[in-house]
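Okay, here's what each chain looks like letter by letter:
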Amino acid sequence: MSELLSDTALFGADIPWLEGLRSRAKEAFFLPNVKFEPWKYTKLSSLKRDDFVYSPSKFLEELEGCPDDDCDCDCDCGCGCEHHHEHDGCGCNGHCQCSHKPELYLDLPFDAYQIHFYNGKFMPLYPALPAGIEVMTLMQAVIEGEAKNYVGKYIDLAQYPFAALNTAMLEEGLFVKIDADVSLQKPLMFIYHTQTEESLVSNIRNVFVIGKKSSLEIVEYYYGNDGGCYFNNTVNEFYLAFQSNIKHYTFQNEGNNAVHIALNYANVRENAFYKSFCLQRGANLGRNETKVDLLQEKAKAQVDAAYIANVQTTLDTTTDIAHLSPKTSSDQLVKGVASGQGKGVFQGKISISKDAQETEGHQLHRALLLSDTAEIDVKPELEIYADNVKCSHGAACGELDQNQLFYMRSRGIGEEEAKQILIDAYLLEAINRIDNEQIKEWIAANV
Amino acid sequence: MGEQKIMSNVLLKIENLCAKVAGKEIIKNFNLTINEGEVHAIMGPNGAGKSTLSYVLTGKPGYEVTSGNILFKGRDLLKMPVEERAREGLFLIMQYPVEIPGVPVTSFLKHALNAKRQYNGEPELDTMEFIKLLKEVAKESGIDFEMLKRPVNVGFSGGEKKRLEALQMTILKPSLAILDEADSGLDIDAIKVVSKGVNDLMNEHRALLIITHYQKLLTYIKPDFVHVFADGHIVKSGNSSLSEEIEQNGYAAYTKEQ
Numbered sequence: 000m001s002e003l004l005s006d007t008a009l010f011g012a013d014i015p016w017l018e019g020l021r022s023r024a025k026e027a028f029f030l031p032n033v034k035f036e037p038w039k040y041t042k043l044s045s046l047k048r049d050d051f052v053y054s055p056s057k058f059l060e061e062l063e064g065c066p067d068d069d070c071d072c073d074c075d076c077g078c079g080c081e082h083h084h085e086h087d088g089c090g091c092n093g094h095c096q097c098s099h100k101p102e103l104y105l106d107l108p109f110d111a112y113q114i115h116f117y118n119g120k121f122m123p124l125y126p127a128l129p130a131g132i133e134v135m136t137l138m139q140a141v142i143e144g145e146a147k148n149y150v151g152k153y154i155d156l157a158q159y160p161f162a163a164l165n166t167a168m169l170e171e172g173l174f175v176k177i178d179a180d181v182s183l184q185k186p187l188m189f190i191y192h193t194q195t196e197e198s199l200v201s202n203i204r205n206v207f208v209i210g211k212k213s214s215l216e217i218v219e220y221y222y223g224n225d226g227g228c229y230f231n232n233t234v235n236e237f238y239l240a241f242q243s244n245i246k247h248y249t250f251q252n253e254g255n256n257a258v259h260i261a262l263n264y265a266n267v268r269e270n271a272f273y274k275s276f277c278l279q280r281g282a283n284l285g286r287n288e289t290k291v292d293l294l295q296e297k298a299k300a301q302v303d304a305a306y307i308a309n310v311q312t313t314l315d316t317t318t319d320i321a322h323l324s325p326k327t328s329s330d331q332l333v334k335g336v337a338s339g340q341g342k343g344v345f346q347g348k349i350s351i352s353k354d355a356q357e358t359e360g361h362q363l364h365r366a367l368l369l370s371d372t373a374e375i376d377v378k379p380e381l382e383i384y385a386d387n388v389k390c391s392h393g394a395a396c397g398e399l400d401q402n403q404l405f406y407m408r409s410r411g412i413g414e415e416e417a418k419q420i421l422i423d424a425y426l427l428e429a430i431n432r433i434d435n436e437q438i439k440e441w442i443a444a445n446v
Numbered sequence: 000m001g002e003q004k005i006m007s008n009v010l011l012k013i014e015n016l017c018a019k020v021a022g023k024e025i026i027k028n029f030n031l032t033i034n035e036g037e038v039h040a041i042m043g044p045n046g047a048g049k050s051t052l053s054y055v056l057t058g059k060p061g062y063e064v065t066s067g068n069i070l071f072k073g074r075d076l077l078k079m080p081v082e083e084r085a086r087e088g089l090f091l092i093m094q095y096p097v098e099i100p101g102v103p104v105t106s107f108l109k110h111a112l113n114a115k116r117q118y119n120g121e122p123e124l125d126t127m128e129f130i131k132l133l134k135e136v137a138k139e140s141g142i143d144f145e146m147l148k149r150p151v152n153v154g155f156s157g158g159e160k161k162r163l164e165a166l167q168m169t170i171l172k173p174s175l176a177i178l179d180e181a182d183s184g185l186d187i188d189a190i191k192v193v194s195k196g197v198n199d200l201m202n203e204h205r206a207l208l209i210i211t212h213y214q215k216l217l218t219y220i221k222p223d224f225v226h227v228f229a230d231g232h233i234v235k236s237g238n239s240s241l242s243e244e245i246e247q248n249g250y251a252a253y254t255k256e257q
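Residue numbers (numbering that gives the first Met the number 0), protein chains in the order written: chain P, 0 to 446; chain Y, 0 to 257.
Chain P extracted, bound-state conformation (with noise of 0.2 Å):
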């Protein structure tokens, strides 16, 4: 039992960059209350505890051993399988050929390379890539020098409590490069399985490095057991070389007790798309904060929301742009809906800096109001400094429309259904923003 910052011993405490990053990060974190802007809306009284569980670190020993005895490989994917791939003295520290699906594969509408993290831990099993990716764990990329030029560099710590938290506790999580002028024909998925009574944290880090011209789906599914009081804290950070593109979709759906806090970065340069959306219907707290830096001209953004906020839940859409350079443009569109005693929260920032010419950024937040106990809290906020931009943002809150309610009724649709097929049109407007169809037909299918 311990308060979230633990004393856990982590991998790579004698490497000096990594663990002076942790230990200022640890300096920075905090659990922010109402009087701390972007945390104003949006109580954390549920992680006032200091019951919270870090299952142990086994980093390395998870990652010894191979199910099949005769074999001298260091992978443990713990897919059952007999034979496994040929791996002797590769090194290869658990990428699995073997092409049994491991327990936690999910059967899904769409085909995907699937990623899976029990509890907090990322299962070793890799899906067979195709050249040009490559899929690590974080910790693999510290030890090959590649991880130190991206973790952390362009979070400020002191804005973002969680990621700090993220950051003090580094360890788990994934870094994946794609080399330029590479583009996947299936989306890369990660599922994180949540199944435990306990209140357990997981700080999960993935780290996204995407080559010139180059483009890649990614698919986030969360989900969990209705029991535990769980934390998950993710923090994912995207770098977009020239000209590259990523489309990350997130569908949070833990369990009804849980936390569930996610920072999405995007460092996004010249000419290159960065472009999500998350629908979060689950958790007890669910927080999905994104912040992109348009570095350079012509960058792109188009970060697309959707909630479902019922019963007592309170799910938290947050959003800033910075639009560093000229030419770069932003679009978002969030709609949700509050039900019960459920709450929606949309912070949107666009911020445009003096240099940013000919810019554009537009936002709009839509929601529906479905009971007098529901709360929508809105804050949007521009903060321009250049002269030539063209900038629009627009917050509405609302009941269903009662004349839609009676035209459908009185064609014999009843009120229940009716209800139902006005709250799915609604959402479907951020939905249908899926280039995807199968994964759009899925996520229309969630909601």
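Keep in mind that the hints are not guaranteed to be accurate.
Unchecked claim - Partial chain Y-side listing against chain P, Cβ under 10 Å, derived:
#	residue
1	R84
2	P100
3	Y118
4	M146
5	R149
6	P150
7	V151
8	F155
I should point out that these hints are in silico values taken from the structure, not numbers from a laboratory. Since we're looking at a predicted model, the values are computed, not measured. Using N, Cα and C, we set each Cβ at its ideal position, and we do this for glycine too.
Using the hints provided, position chain Y relative to the given structure of chain P.
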């Protein structure tokens, strides 16, 4: 009223109906009986509350019945929720059809038809069966099927909206259709479409109630009975020649009588 024997061919019976909207009494002691196979027209000056009648019949929230009875197919209409009235066979062709962004006509109509079929103990149509039916009806009604993939009424012209109302009616086959054109500037092309739909639907078991301000509509749909509505109730009833008389002389004679 107590027990009352309803003749099998009486579809709708309105007795001593009084109704309020926003606290104001609009319908006062209104009486009307519609039998199967009949076409009735209610005419009246603008602002007389003719549309209120159509909303009271369909059960729109905010329209409060303070006294009186309405029997539809022998059942107490006022005790039925909006959707049940529709499933029983009441259909209002609205003056201003509502736009529903994000809901394609196809899925909207499939929900509506299957709700009615389920209510009548009929098996629901699956998507394939429904689309086949819809394509047939669209072809007969001269509607481009592509239009039906669009969200309900969103971006539709006035004429397209009426076309869609007529198509819905053809699919849902109501026993009593109410055509409300109480005060809209009459779009003749749209009216022709709706009139055709209504005339095609009519048979000896169905009935039609037209609510209008203009006599012109009645040149497309021939009423068996014409009623003049003023001060919340029917002040005069007659056959189709009554509508011609109104066309000549206006409503002044009836409103003065109040």
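Quiz item: Which numbered conditions among the earlier hints are violated in the structure presented, ordered from lowest to highest?
Solution: 4, 5, 8
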